[in-house]
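As they're listed, the protein sequences go chains A and B. So the number in the working numbering is just where the residue sits in the first sequence, counting from 1, plus 2. So the number in the working numbering is just where the residue sits in the second sequence, counting from 1, plus 2.
The set of hints was computed from the structure by calculation and includes no laboratory data. Note that the structure is a prediction, hence the values are computed from the model and not measured. Ideal placement from N, C-alpha and C gives every residue a C-beta, glycine not left out. Do not rely on the hints blindly, as some may be mistaken.
[What the hints assert, rightly or not] Reference listing, derived: stretches of chain A covered by chain B, where coverage requires no fewer than 3 residues with Cβ under 8 Å from a Cβ of chain B: (1) 150-164; (2) 186-198; (3) 232-243; (4) 255-263.
Number of protein chains: 2
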Amino acid sequence: MPLIHSWVTSANSADTDFPLNNLPYGVFSTDQLDPRCGVAIGDMILDMGQAEAQGIIDLTDEPLFELPFWNDLMEQGPAVWTALRNRLTALLSKGSKDQHLIEPLLLPVADATLHMPLVVSEFTDFYAGRHHATNVGTMFRGPENALPPNWLHMPIGYNGRASSVVVSGTDIRRPWGQLKSPDHDTPAFLPSRRFDMELEMGAIVGMASDGPLTVDQADAAIFGYVLLNDWSARDIQAWEYQPLGPFQAKATATSISPWIVTKAALDPFRTSTPEREVPLLDHLKDTGPMLYDIDLTAALAPEGQTPTTLTRTNYREMYYSAAQQLAHHSTSGCPMNVGDLLGSGTISGPTKPERGSLLELSWGGKDPLTLDTGDTRTFLEDRDTVTLSGHAQGDGYRIGFGTCAGRIMSAHATPYRP
Amino acid sequence: MPLIHSWVTSANSADTDFPLNNLPYGVFSTDQLDPRCGVAIGDMILDMGQAEAQGIIDLTDEPLFELPFWNDLMEQGPAVWTALRNRLTALLSKGSKDQHLIEPLLLPVADATLHMPLVVSEFTDFYAGRHHATNVGTMFRGPENALPPNWLHMPIGYNGRASSVVVSGTDIRRPWGQLKSPDHDTPAFLPSRRFDMELEMGAIVGMASDGPLTVDQADAAIFGYVLLNDWSARDIQAWEYQPLGPFQAKATATSISPWIVTKAALDPFRTSTPEREVPLLDHLKDTGPMLYDIDLTAALAPEGQTPTTLTRTNYREMYYSAAQQLAHHSTSGCPMNVGDLLGSGTISGPTKPERGSLLELSWGGKDPLTLDTGDTRTFLEDRDTVTLSGHAQGDGYRIGFGTCAGRIMSAHATPYRP
Numbered sequence: 003m004p005l006i007h008s009w010v011t012s013a014n015s016a017d018t019d020f021p022l023n024n025l026p027y028g029v030f031s032t033d034q035l036d037p038r039c040g041v042a043i044g045d046m047i048l049d050m051g052q053a054e055a056q057g058i059i060d061l062t063d064e065p066l067f068e069l070p071f072w073n074d075l076m077e078q079g080p081a082v083w084t085a086l087r088n089r090l091t092a093l094l095s096k097g098s099k100d101q102h103l104i105e106p107l108l109l110p111v112a113d114a115t116l117h118m119p120l121v122v123s124e125f126t127d128f129y130a131g132r133h134h135a136t137n138v139g140t141m142f143r144g145p146e147n148a149l150p151p152n153w154l155h156m157p158i159g160y161n162g163r164a165s166s167v168v169v170s171g172t173d174i175r176r177p178w179g180q181l182k183s184p185d186h187d188t189p190a191f192l193p194s195r196r197f198d199m200e201l202e203m204g205a206i207v208g209m210a211s212d213g214p215l216t217v218d219q220a221d222a223a224i225f226g227y228v229l230l231n232d233w234s235a236r237d238i239q240a241w242e243y244q245p246l247g248p249f250q251a252k253a254t255a256t257s258i259s260p261w262i263v264t265k266a267a268l269d270p271f272r273t274s275t276p277e278r279e280v281p282l283l284d285h286l287k288d289t290g291p292m293l294y295d296i297d298l299t300a301a302l303a304p305e306g307q308t309p310t311t312l313t314r315t316n317y318r319e320m321y322y323s324a325a326q327q328l329a330h331h332s333t334s335g336c337p338m339n340v341g342d343l344l345g346s347g348t349i350s351g352p353t354k355p356e357r358g359s360l361l362e363l364s365w366g367g368k369d370p371l372t373l374d375t376g377d378t379r380t381f382l383e384d385r386d387t388v389t390l391s392g393h394a395q396g397d398g399y400r401i402g403f404g405t406c407a408g409r410i411m412s413a414h415a416t417p418y419r420p
Numbered sequence: 003m004p005l006i007h008s009w010v011t012s013a014n015s016a017d018t019d020f021p022l023n024n025l026p027y028g029v030f031s032t033d034q035l036d037p038r039c040g041v042a043i044g045d046m047i048l049d050m051g052q053a054e055a056q057g058i059i060d061l062t063d064e065p066l067f068e069l070p071f072w073n074d075l076m077e078q079g080p081a082v083w084t085a086l087r088n089r090l091t092a093l094l095s096k097g098s099k100d101q102h103l104i105e106p107l108l109l110p111v112a113d114a115t116l117h118m119p120l121v122v123s124e125f126t127d128f129y130a131g132r133h134h135a136t137n138v139g140t141m142f143r144g145p146e147n148a149l150p151p152n153w154l155h156m157p158i159g160y161n162g163r164a165s166s167v168v169v170s171g172t173d174i175r176r177p178w179g180q181l182k183s184p185d186h187d188t189p190a191f192l193p194s195r196r197f198d199m200e201l202e203m204g205a206i207v208g209m210a211s212d213g214p215l216t217v218d219q220a221d222a223a224i225f226g227y228v229l230l231n232d233w234s235a236r237d238i239q240a241w242e243y244q245p246l247g248p249f250q251a252k253a254t255a256t257s258i259s260p261w262i263v264t265k266a267a268l269d270p271f272r273t274s275t276p277e278r279e280v281p282l283l284d285h286l287k288d289t290g291p292m293l294y295d296i297d298l299t300a301a302l303a304p305e306g307q308t309p310t311t312l313t314r315t316n317y318r319e320m321y322y323s324a325a326q327q328l329a330h331h332s333t334s335g336c337p338m339n340v341g342d343l344l345g346s347g348t349i350s351g352p353t354k355p356e357r358g359s360l361l362e363l364s365w366g367g368k369d370p371l372t373l374d375t376g377d378t379r380t381f382l383e384d385r386d387t388v389t390l391s392g393h394a395q396g397d398g399y400r401i402g403f404g405t406c407a408g409r410i411m412s413a414h415a416t417p418y419r420p
């Protein structure tokens with residue numbers, strides 16, 4: 003599919019994240035405007051609340067866009083999702099007769115504050131990248147037992163904490179927790195010393211269900227994707243995770259990018275999962291290409307310094323697609339809701355510069371990284387900023403996700419109470 | 003504290019669960035009335051929506067009770083919680099001058115349908131009963147390694163699935179999942195064969211927070227308690243739980259009793275946690291009695307048969323209080339919200355008839371139980387009904403929880419789709 007030209011000229015640039023082919027959904031505010039739905043086009047945002055109030059976009063009887071989340075649009079289902087995308091494409095295309103109506107409703111992204119684009123119903127994080135699971139397993143259990151026996155048969159996941167999902171740009175306070183060093187008999191309550199990032203994609207469930215879904219039904223239920231950084235306290239996790247899995251180690255924060263890139267926008271970039279080492283059971287079998295070819299990077303900048311790229315990887319490295327994850331999630335009859343967020347798991351490629359976490363990049367802290375600034379890192383230091391970015395590369399355009407950034411604050415920063 | 007006499011005569015009986023000292027909060031409907039808040043008193047329900055509409059209960063400017071959940075009342079905070087309890091006690095006390103106003107707003111519990119009493123924000127399940135953890139650990143890892151090394155230092159927990167929490171009386175469909183038997187190389191997708199119940203209490207968070215809470219702050223933030231049955235597929239769990247903990251094994255359903263018994267009602271029954279084998283770290287130290295002396299039973303009835311009591315235990319058997327669980331839950335800075343539900347973990351006492359799950363009662367299925375009907379059970383069969391009940395025994399009255407019941411339906415029952 004070629005670039006669709008827009009009368010918003012910045013949307014026709016080969017290096018914008020937001021050409022007309024993308025049309026990602028976010029929530030913004032300005033000094034004058036309360037938080038409401040917006041669509042990114044080039045370096046501008048279309049105020050969807052105003053477009054709806056003026057009757058230019060008129061999909062349903064009830065208002066959908068003068069709200070600080072996209073959940074109500076998702077609730078309308080795929081026919082309305084498609085109708086909205088078609089209407090926006092027509093309004094913003096070069097030669098649109100409605101340009102004079104829309105032009106007054108655009109404002110520069112640079113003038114807006116971006117908020118969470120959805121109300122997250124529940125958050126689930128998976129462990130579905132094979133290189134990541136192999137790296138972590140090798141570190142903790144040795145190369146012979148790197149992958150748990152179940153790993154090639156199902157996308158391993160755990161329930162995370164929706165209340166801790168925050169939008170890009172939110173500062174992240176280093177967590178306190180119980181740490182137990184091997185040379186002490188008892189734990190101590192201290193700030194985490196091994197606080198880490200995880201480069202992931204998040205899939206957003208757009209249709210509710212209350213019974214097992216096929217992989218095809220699951221793919222149809224996904225509304226869109228975001229970048230996701232699942233901040234992780236490795237030392238808290240090491241002490242707490244047996245036998246019931248990660249809990250407080252993963253509960254400080256999970257950052258997501260502010261723009262939901264729809265499944266429709268990513269459709270030209272569908273790609274298959276890797277070859278299967280063992281056949282999947284029928285309910286999880288691939289029925290078509292359900293991963294996406296999305297280049298991903300993570301960069302780290304100490305305060306006031308230029309960022310160093312830590313990793314370059316691609317979403318196609320996942321062993322399981324989000325559709326397979328959602329199908330597995332529903333096997334037990336677990337009700338899934340609009341706004342459920344599924345983290346892919348850390349996305350690492352096969353080589354060292356493709357690793358998606360500092361745990362892997364510094365091999366458990368044994369092999370410090372040297373940044374471009376000359377600083378070294380094993381895990382994150384206070385006031386480091388981590389920035390994820392990603393895009394699918396089309397012919398002369400790209401479908402970008404913007405960035406997902408977070409800065410680490412001291413464990414003693416407010417609101418620390420006790 | 004003695005019985006407070008009510009002009010609702012059924013509330014003065016020594017064996018009602020709902021004397022005036024209790025005043026538990028639920029949501030009910032009838033053929034004529036949409037779901038709304040109600041308070042149980044003896045064998046009657048007070049229609050709180052009507053009481054508010056008529057101005058008899060008038061705590062805030064915004065309506066709180068013509069809603070199908072108690073979250074909005076909880077949001078008002080402890081001063082309003084206390085004001086409501088005081089007002090209800092005055093209205094329903096023997097000799098109240100307002101009896102003629104309230105009498106028309108009472109209807110028999112028997113004529114009402116009970117619904118979920120709250121919107122569950124997120125659900126966390128703990129593993130904080132020592133006898134249960136010791137029993138399970140002994141089965142899986144042997145008596146020397148029964149308790150994981152972290153267990154005596156923190157309340158181990160994992161995030162569950164709020165979407166699967168249902169009210170007592172909801173049928174529970176036996177889940178499908180990946181099962182892997184030791185004599186097969188690969189798993190199969192089948193209905194669970196080891197589907198179990200877990201006798202627990204649930205604590206409901208009534209105040210939001212966004213940083214670490216002390217144990218005292220956590221206790222103050224708890225609004226009330228319910229009975230909770232965390233249905234568990236032991237065979238799904240055995241295959242899936244390494245390394246990230248239980249996921250689909252616990253996602254089919256969690257049942258709760260329909261009446262929230264407030265912390266205020268339980269206050270006379272506070273009791274201390276057991277003696278500590280190792281000292282807790284300061285942030286988890288007991289600061290007062292925060293468990294409750296609540297007698298608990300679980301019974302099992304095959305379809306059409308009389309129930310057999312499976313277990314008799316008490317909430318005071320927990321090693322950690324709900325306040326300690328909530329304090330631990332917040333250590334990492336995890337934001338907690340009104341409506342968060344914390345499962346205690348299975349409550350087993352020290353002897354066999356006090357065990358709170360079939361896994362323990364049948365010792366992993368090796369030692370079948372014989373029911374009073376002559377049937378035997380290792381795990382649950384289709385159309386078995388499990389009923390939990392519980393009460394704190396006062397002098398001449400009791401603070402009861404009603405029951406928490408669920409019937410097992412076939413794995414092939416609707417809505418099974420694939």
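For the region 232-243 of chain A, do at least 3 residues have a Cβ located nearer than 8 Å to some Cβ of chain B? That given contact holds, which follows from 5 residues of the region 232-243 of chain A lying within Cβ reach (below 8 Å) of chain B.
According to a criterion of three or more residues whose C-beta lies within less than 8 Å of a C-beta of chain B, is the region 150-164 of chain A covered? holds (count 12)
Please check whether the region 186-198 of chain A has three or more residues whose CB lies within less than 8 Å of a CB on chain B. holds (count 4)
Can the region 255-263 of chain A be counted as covered by chain B under the rule of three residues or more with Cβ-Cβ separation shorter than 8 Å? It is violated, with 1 qualifying residues against the three required.
Hint compliance for this structure: hint 4 alone is broken.
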